[in-house]
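Colleague: Given next are the chains, with one letter for each unit.
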Amino acid sequence: MTNLVEVRNLRIEATTDAGRLVEIIKGVSLDIADGEIVALIGESGSGKTTVALSLMGYARPGCRITGGEINVGGKDMAALSEKERARSRGTDIAYVPQSAAAAFNPSSTIMEQTIEVTRIHDLMPPEQARKRAVELFRALSLPDPEGIGARYPHQVSGGQLQRLAAAMALISDPKLVIFDEPTTALDVTTQIDVLKAFKSVMRAGGIAGVYVSHDLAVVAQIADRIVVLKGGEVQETGTTAAILSAAKNPYTRELLAAFEPKPRQTQADGDSGPKPLLRIDNLTAGYGPVKPDGQPVIRAVDSVSLVVEKGRNLGVIGESGCGKSTLARAIAGIHPAAAGDIIFDGKQLERAVAKRTRDQLREMQIVFQYADTALNPAKSVEDIVSRPLVFYHRLDRQARSKRVDQLLDMVRLPRALRYRRPSELSGGQKQRVNFARALAADPKLIICDEITSALDTVVAAAVIELLKELQRELGLSYIFISHDLSVVEAICDQIMVMYNGERVEQITPDKVKAPTHPYSKLLFSSVPKLDPTWLDGLVRDPELVNQYGHR
Amino acid sequence: MTMVRAASSRRSFLGHSYNLVGVAASLVILAWTLIAIFAPYIVPHPIGNIVDDDYFGPMRQGLWLGSDYLGRDMLSRVLMGARYTVGISLAAVSIACFSGVVLGMTAAVTGGWLDTCLSRFLDAMTSIPSKLFGLVVVAAVGSSIPVLILTLAVIYIPGAYRFTRALAVNINTMDFMTVARVRGESTVYLIGSEILPNIIRPVLADFGLRFVFIVLLLSGLSFLGLGLQPPLADWGALVRENIGGLPFAAPAVIVPSLAIASLTISINLLIDNLPQKIRDRNA
Numbered sequence: 001m002t003n004l005v006e007v008r009n010l011r012i013e014a015t016t017d018a019g020r021l022v023e024i025i026k027g028v029s030l031d032i033a034d035g036e037i038v039a040l041i042g043e044s045g046s047g048k049t050t051v052a053l054s055l056m057g058y059a060r061p062g063c064r065i066t067g068g069e070i071n072v073g074g075k076d077m078a079a080l081s082e083k084e085r086a087r088s089r090g091t092d093i094a095y096v097p098q099s100a101a102a103a104f105n106p107s108s109t110i111m112e113q114t115i116e117v118t119r120i121h122d123l124m125p126p127e128q129a130r131k132r133a134v135e136l137f138r139a140l141s142l143p144d145p146e147g148i149g150a151r152y153p154h155q156v157s158g159g160q161l162q163r164l165a166a167a168m169a170l171i172s173d174p175k176l177v178i179f180d181e182p183t184t185a186l187d188v189t190t191q192i193d194v195l196k197a198f199k200s201v202m203r204a205g206g207i208a209g210v211y212v213s214h215d216l217a218v219v220a221q222i223a224d225r226i227v228v229l230k231g232g233e234v235q236e237t238g239t240t241a242a243i244l245s246a247a248k249n250p251y252t253r254e255l256l257a258a259f260e261p262k263p264r265q266t267q268a269d270g271d272s273g274p275k276p277l278l279r280i281d282n283l284t285a286g287y288g289p290v291k292p293d294g295q296p297v298i299r300a301v302d303s304v305s306l307v308v309e310k311g312r313n314l315g316v317i318g319e320s321g322c323g324k325s326t327l328a329r330a331i332a333g334i335h336p337a338a339a340g341d342i343i344f345d346g347k348q349l350e351r352a353v354a355k356r357t358r359d360q361l362r363e364m365q366i367v368f369q370y371a372d373t374a375l376n377p378a379k380s381v382e383d384i385v386s387r388p389l390v391f392y393h394r395l396d397r398q399a400r401s402k403r404v405d406q407l408l409d410m411v412r413l414p415r416a417l418r419y420r421r422p423s424e425l426s427g428g429q430k431q432r433v434n435f436a437r438a439l440a441a442d443p444k445l446i447i448c449d450e451i452t453s454a455l456d457t458v459v460a461a462a463v464i465e466l467l468k469e470l471q472r473e474l475g476l477s478y479i480f481i482s483h484d485l486s487v488v489e490a491i492c493d494q495i496m497v498m499y500n501g502e503r504v505e506q507i508t509p510d511k512v513k514a515p516t517h518p519y520s521k522l523l524f525s526s527v528p529k530l531d532p533t534w535l536d537g538l539v540r541d542p543e544l545v546n547q548y549g550h551r
Numbered sequence: 001m002t003m004v005r006a007a008s009s010r011r012s013f014l015g016h017s018y019n020l021v022g023v024a025a026s027l028v029i030l031a032w033t034l035i036a037i038f039a040p041y042i043v044p045h046p047i048g049n050i051v052d053d054d055y056f057g058p059m060r061q062g063l064w065l066g067s068d069y070l071g072r073d074m075l076s077r078v079l080m081g082a083r084y085t086v087g088i089s090l091a092a093v094s095i096a097c098f099s100g101v102v103l104g105m106t107a108a109v110t111g112g113w114l115d116t117c118l119s120r121f122l123d124a125m126t127s128i129p130s131k132l133f134g135l136v137v138v139a140a141v142g143s144s145i146p147v148l149i150l151t152l153a154v155i156y157i158p159g160a161y162r163f164t165r166a167l168a169v170n171i172n173t174m175d176f177m178t179v180a181r182v183r184g185e186s187t188v189y190l191i192g193s194e195i196l197p198n199i200i201r202p203v204l205a206d207f208g209l210r211f212v213f214i215v216l217l218l219s220g221l222s223f224l225g226l227g228l229q230p231p232l233a234d235w236g237a238l239v240r241e242n243i244g245g246l247p248f249a250a251p252a253v254i255v256p257s258l259a260i261a262s263l264t265i266s267i268n269l270l271i272d273n274l275p276q277k278i279r280d281r282n283a
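Order-wise, the sequence lines are chains A and B. Quick note: the first sequence, position 21, residue 21 per full-length UniProt numbering, numbers continuous. Quick note: the second sequence, position 209, residue 209 per full-length UniProt numbering, numbers continuous.
Next comes chain B alone, as it looks inside the complex:
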């Protein structure tokens, strides 16, 4: 995530400077978001319907992305898959980052035994391998969308906590924090008004990264058959169920992989190229 860039590749807009890679990446993300929202209205075929006589059919008119291992329309399945992949990941990352950030800031501001207990407990959580944890939870309570969201969130809370705590501890030593404490401010004010505005940018970058991790983990879980259950499918599940098409170079296995790649890479690129506020007022 290097931030050093030649001045010429950046343009400015509304007091922020941005570059073209960032714009392209945000367009891809925007497109997938719109697809996720409007998928039920734009899919050409219901996702469960078998519309092709052959399986692993090639791309052709009417079936723009070919058909899958049962002869279902791949385009419809990828479009609907966006819904599950983006939706579940977004819900999970929101829960993970919200809890992690609030806990991290609270621990940094409060210190003492609360900080110690939280840190040790969440460090212990970090030591559990994420896929194994998902496996155990799904085996114990079964797979459903709420269970998936909560499991993914729990797996990524410790990382968000550590990250935020490290940032907040630095801010906490600043004199303005002392001034606020001497004023008699409450912890809620301290974390919400004094610390958060100073760490919001790295926290947002962390949010994006964690979103990518969750997309990949969800795809991994689905690939193992622990994610969404048929006929619903997210992108990871689509890759798994069509893996048999790999010897035939079927679009059914390539397209969902490309979808995962395009979303995760775009988010990474956007994080690396976030618009920067121009501090030079005289420009």
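With the rest of the complex left out, here is chain A:
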């Protein structure tokens, strides 16, 4: 036995609600050597999490491991009884979930939950377990390693929680740790700390790992080898360097290509120069009770001014909690601003959506991040897209049907999809329907709130291309809100950096390499690159990190 993990010809089937069997994993084989970190990469639905979970002998409800061998440390996990599997879970094999926030029990302390595994499996006395936990907290560079265990999960940040989840997994000295997209929900500045912590602990302990992700750049930093999955089959396996530099499989190349932002050709200036479409002056919006001076107690957006020109795009970038989404909501009137002016197309807009005229509402549309919640699951695509046509344009049935066809063509969806419900569409298709609904209103400005964040890299790149094309055809303007610099860079003429509710800097994409404000420097330097040596070579100004990083 040379390898810690040997998976041979793994097959997993799922039963649909009609009783039909679907093969979701079609004969996957992979090896993991002792101390090696292997990344499983692929789009959502490719089976990467299913494969990772099967290493613990676990199949999600409705799924069944129907064939193949899963040898982990000499045991065939597929053949073991449930009791024996439970014995090795948490001791030999540990799991770090995607959303640590949902994985912690909010009603008991972090220390209690961290050492729970040692108690269940009776590995060591509680005193020793506590000591070991503090050591791990220190190794994962958590602040206040002695005291953090006494806190409750809601008292620490998301990045810290993710590292605490790793401490929980590592406390029993497992031979294999499964990371299921552990940094996907984190900001780039936080992601770096978490990745660095994971990498150093895994390397120091010589622990083997499986790292599930859809982000090639993140994987490049931490994995020794990469397994590319698609549709439940292995597309390509190779060392990280080989995959990044000499990918053979067309799908892998597509993944890599999605990473190279195509430089945006700046449009030739119009004859009369750019005209402002939207101007925001000193906009303030926030939450909580209103103070006597008319300002809210918590200011999420603090005196922000910006200008969007006709046919041009403005990108707003910043980490979660910087107020970028509140800014979008204040502009759209969903969350009325406390102070400031919104001047749209030469006219002053009311702050609250209820007081704006129907035409003003029509000309400014907002598209949300999660198409899953932005589309009514009980309605067909046709109903969703045609509602603005009835509401704003009062089209009759025939004209509506024709227009729906046009709109579906515009967003490159097959016309037959109009009869489907949102739950019957893929993530990328849903986001296109979401966008088609905004287009149906014939807007002048579309506010895009993180619209590609929930999508896989390849799909996101296609959606961005679509937005660019539509802009050329329809002369739209976008406000593009994102935490992902590469996305904003690809589509925007101006980039505004926000931090803590304030506008920090506004620059053009060609100057992204040389930002002037220290926060922009930190933010831009934190975006992972495809280069595997990037994380190790990254030197960040500790003062900057102290000042702006939420550790």
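Treat the hints as calculated values from the structure; they're not laboratory data. Glycine included, each C-beta is placed from N, C-alpha and C at the ideal position. Heads up, none of these hints are tricks.
What follows is a list of derived Cβ distance ranges for each label pair: (1) 276/A with 124/B: 50 to 58 Å; (2) 516/A with 186/B: 43 to 51 Å; (3) 173/A with 192/B: 57 to 65 Å; (4) 51/B with 15/A: 53 to 61 Å; (5) 380/A with 111/B: 27 to 35 Å; (6) 188/B with 102/A: 34 to 42 Å; (7) 116/B with 108/A: 30 to 38 Å; (8) 186/B with 475/A: 25 to 33 Å; (9) 192/B with 62/A: 31 to 39 Å; (10) 132/B with 107/A: 36 to 44 Å; (11) 508/A with 111/B: 37 to 45 Å; (12) 530/A with 186/B: 49 to 57 Å.
Position chain B relative to chain A; hints supplied.
Modeller: This is chain B only, laid out in the frame that chain A set:
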């Protein structure tokens, strides 16, 4: 109301999967509905006529379910009783659920003081014991079918309101609601087109449950003598007036009890086994 079931016990029809318990339950409900509609045409004897020499007579030819405490035909009385029990309950539950659902969705969508006032007022209503409330109303204005229907409806509005509001509040936080609001849609559109389709299934299940509650409450009121007045009788009243037959094991007291049980249990079973839409299109 567990929804987890072995795949093999379900069959599919018209894109829905269903199981046999649900089918059996709906057949019982359908039968009682038909009886309620056609009772006047199929009863063998007028319900007020004394047709037997003896009281609490046994089952025999001609008097298939025996006779009651006055020697009236029990079969006729149960068949006509279905009419009152199902009819009054259905009318009451329709009023209760319609008002409760509309108010609940409106409160969830509008929020603010309307939501607060409605919620507090209906919470106060919930705190009044239902039988006592019925007793007071009937004592004050007398017993008639419209009064019974309205009383039963008023008693069950707060529950329907709370239930719907809880569901609608969840839907209200979804982004598609925000999108509709930013579009400038009216409250009527929001509750009718955006929220209702998403909560219709639990609301229908709640409708069925509440129907059962009302059947039982109506039977209870009639048993106390506050329901329909003689010679009309719903099932609850039939149980009460024939309670004297219990020592003789007279069918007159057992049959209406079985009728109440069969209807309420069938509705419960149907709710637990509603056909489910198959989302897997490739099947």
